[in-house]
Amino acid sequence: MKASHLMLVGALTFAVLASTPAFAEPRRDAILAELLAQARRDEPGFGQFSAERGAALYRADHTGGKPGTASCTACHGNTPLETGQTRAGKAIDPMALSKSPGRYTDKAKVEKWFTRNGTQVLGRACTAKEKGDFLTYVTAQ
Amino acid sequence: MPKSIALLLLLSTVVTPSPAAGDERVPPVTDPVVNQECGSCHMAFQPQFLPQRSWQKLVDTLADHFGEDASLGETERAAVLDYHLSNAADGPKGGRAARKYGRRIAVGQAPLRITETPWWVKEHQEVRADKWRSREVKSKANCLACHKRAEEGIYEDEEHEDDD
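Chains as they are written, first to last, in my numbering: chain H, 1 to 141; chain R, 142 to 305.
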């Protein structure tokens, strides 16, 4: 391959990586890939995660959880771009990846909070589909 | 306030040790597991504020922790319990400040809230009721709203009343 070709490939790779900051992190990719595999096991024929469904999950008032925390927005901001606040008054950095670039790289942390906050808001752990939709939504914000 | 004065104030707090610093200071939490697992919903409270029997009960009931699920895996649970028992008000590493906090808690009682211990209530009786409900404080457990350096174990006479 000629040097000019190599440079072109390099430039293209750079352009692709730079234009998709949300997916430029292998640990985050791996979390999403695993969730997708699980969602397809749970629901044969499942297509792709959807940011729209993730947004709806984030905003909706749910039933089945604990009183006072019917929605993700009870602690997280009204939009993922805003800072939230726990029931004990502590600030929570925005969920939007553009605001909190370090998020969603530690699988154990992500899973722990999906379980806790699912119990809190939905009265059950989040499904793989819900987790993937939510992550697709907030990583694009 | 003009920048020069702010700078002077800053320098003076760094240079002059506060008179009470020796005995009043609560050691900051040094265990990374405790800071991570007990510091995400509120600051990681110093174990010195409650006796061992309180921490034992609190760690045993993390699955229903003031209405939230704060449960931990077995390794983390054991590490968190160990640190709290060692540094509790009556623990072997509690230190001087700690004994004062535990003193007036009845032997048969294991309060789960620092903010309900007789010592804490007395120390905060001057704080106006509406202050606790304000949006930025929200909860008595939000020590940081008023004690900016609480995580370092510094609670005495800060400027916490200045901003209203």
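Incorrect hints may have been included.
[To be verified] Simulated pairs of lysine-lysine, DSSO-like, Cα-Cα distance not exceeding 27 Å:
#, chain 1, residue 1, chain 2, residue 2
1, H, K66, H, K107
2, R, K234, R, K289
3, R, K198, R, K234
4, H, K112, H, K66
5, H, K99, R, K289
6, R, K279, R, K198
7, R, K263, R, K289
8, H, K112, R, K263
9, R, K279, R, K289
10, H, K109, R, K279
11, H, K109, H, K66
12, H, K66, R, K198
13, R, K263, R, K198
14, R, K198, R, K281
15, H, K109, R, K198
16, R, K241, H, K99
17, R, K281, R, K263
18, H, K66, R, K281
19, R, K272, R, K234
20, H, K112, H, K99
21, H, K109, H, K99
22, R, K263, H, K66
23, R, K263, R, K241
24, H, K112, R, K198
25, R, K281, R, K241
26, R, K272, R, K289
27, R, K279, R, K234
[As the list claims (entries may be wrong)] Have a look at the derived ranges for each label pair, beta carbon to beta carbon:
#, chain 1, residue 1, chain 2, residue 2, range
28, R, H206, H, D42, 44 to 50 Å
29, H, G47, R, R276, 15 to 21 Å
30, H, L81, R, K272, 26 to 32 Å
31, R, S212, H, H62, 17 to 23 Å
32, H, R124, R, T216, 38 to 44 Å
33, R, W260, H, G64, 38 to 44 Å
34, H, E43, R, P173, 34 to 40 Å
[Said to hold, decoys possible] Incomplete in silico selection of chain R near chain H, CB under 7 Å:
#, residue
35, C182
36, D210
37, R274
38, S275
39, A282
FYI, nobody ran anything at the bench for these hints, they're computed from the structure.
Note that the Cβ used here is the ideal one computed from N, Cα and C, for glycine as well.
Cross-check of the supplied hints:
At most 27 Å may separate the alpha-carbon atoms for a hinted pair to count; K66(H) and K107(H) meet this at roughly 25 Å. With a C-alpha separation of about 25 Å, the suggested pair K234(R) and K289(R) falls inside the 27 Å cut-off, and the hint holds. With a C-alpha separation of about 19 Å, the suggested pairing of K198(R) with K234(R) holds against the 27 Å cut-off. The straight-line distance between the Cα atoms of K112(H) and K66(H) is roughly 18 Å, inside the 27 Å bound, and the hint therefore holds.
Restraint check: the Cα-Cα separation between K99(H) and K289(R) comes to about 24 Å, which is no more than 27 Å; the hinted pair holds. Proposed proximity of K279(R) and K198(R) is supported: the alpha carbons are some 25 Å apart, at most 27 Å. At roughly 20 Å between alpha-carbon atoms, K263(R) and K289(R) fall within 27 Å of each other, so this suggested pair holds. Taking the CA atoms of K112(H) and K263(R), the gap is near 38 Å; set against the 27 Å cutoff, the hint is violated.
A threshold of 27 Å between alpha carbons decides the hint, and for K279(R) with K289(R) the separation of about 15 Å falls inside it, so the pair holds. Annotation: proposed proximity of K109(H) to K279(R) holds, straight-line Cα distance about 26 Å (limit 27 Å). Pair hint K109(H) plus K66(H) holds up; C-alpha atoms about 22 Å apart against a cutoff of 27 Å. Distance restraint check for K66(H) and K198(R): the Cα-Cα separation of roughly 22 Å lies within the 27 Å cut-off, and the hinted pair is therefore satisfied.
This hinted pair checks out: K263(R) and K198(R) have alpha carbons roughly 24 Å apart, not beyond 27 Å. Distance hint between K198(R) and K281(R) is fulfilled; the C-alpha atoms sit about 21 Å from each other, no more than 27 Å. Pair hint K109(H) plus K198(R) holds up; C-alpha atoms about 25 Å apart against a cutoff of 27 Å. Taking the CA atoms of K241(R) and K99(H), the gap is near 43 Å; set against the 27 Å cutoff, the hint is violated.
For a cut-off of 27 Å, the pair hint linking K281(R) to K263(R) stands: about 14 Å separates their Cα positions. Straight-line distance between C-alpha atoms of K66(H) and K281(R) comes to about 21 Å, which keeps the hinted pair within the 27 Å bound. In summary, the hint linking K272(R) to K234(R) is not supported, as the alpha carbons are separated by about 34 Å, beyond the 27 Å threshold. Our distance criterion of 27 Å between C-alpha atoms is met by K112(H) and K99(H), whose separation comes to about 21 Å.
Proposed proximity of K109(H) and K99(H) is supported: the alpha carbons are some 18 Å apart, at most 27 Å. Distance restraint check for K263(R) and K66(H): the Cα-Cα separation of roughly 33 Å exceeds the 27 Å cut-off, and the hinted pair is therefore not satisfied. Proposed proximity of K263(R) and K241(R) is supported: the alpha carbons are some 13 Å apart, at most 27 Å. Under the criterion of a C-alpha separation no larger than 27 Å, the hint pairing K112(H) with K198(R) is consistent with the structure, at around 22 Å.
A threshold of 27 Å between alpha carbons decides the hint, and for K281(R) with K241(R) the separation of about 20 Å falls inside it, so the pair holds. About 16 Å separates the Cα atoms of K272(R) and K289(R), which keeps this hinted pair within 27 Å; it holds. Only pairs whose Cα atoms come within 27 Å are accepted, and K279(R) paired with K234(R) is rejected, the gap being roughly 32 Å. For the pair H206(R) and D42(H), the beta carbons lie near 30 Å from each other, so the given range of 44 to 50 Å is not met.
A C-beta distance of roughly 42 Å is found between G47(H) and R276(R), which places it outside the suggested range of 15 to 21 Å. Against the hinted window of 26 to 32 Å, the Cβ-Cβ separation of L81(H) and K272(R) comes to about 30 Å, which satisfies the hint. At roughly 21 Å, the beta carbons of S212(R) and H62(H) sit within the given window of 17 to 23 Å. The supplied range of 38 to 44 Å is broken by R124(H) and T216(R), whose beta-carbon atoms lie about 25 Å from each other.
In this structure the supplied range 38 to 44 Å holds for W260(R) paired with G64(H), their Cβ-Cβ distance being about 40 Å. Checked against the hint of 34 to 40 Å, the pair E43(H) and P173(R) passes, with Cβ atoms roughly 39 Å apart. Look at C182(R): its Cβ gets to within about 5 Å of chain H, closer than 7 Å, so that hint holds up. For D210(R), the interface hint holds, the least distance from its beta-carbon to any beta-carbon of chain H being 5 Å, beneath 7 Å.
Among the interface hints, the one on R274(R) is violated; its C-beta lies about 11 Å from the nearest C-beta in chain H, farther than the 7 Å criterion. Because the closest C-beta pair between S275(R) and chain H is about 10 Å apart, greater than 7 Å, the hint is violated. Interface hint status for A282(R): upheld, as the beta-carbon distance to the closest one in chain H is roughly 5 Å, under 7 Å.
Of the numbered hints given earlier, the model fails hints 8, 16, 19, 22, 27, 28, 29, 32, 37 and 38; all others are met.
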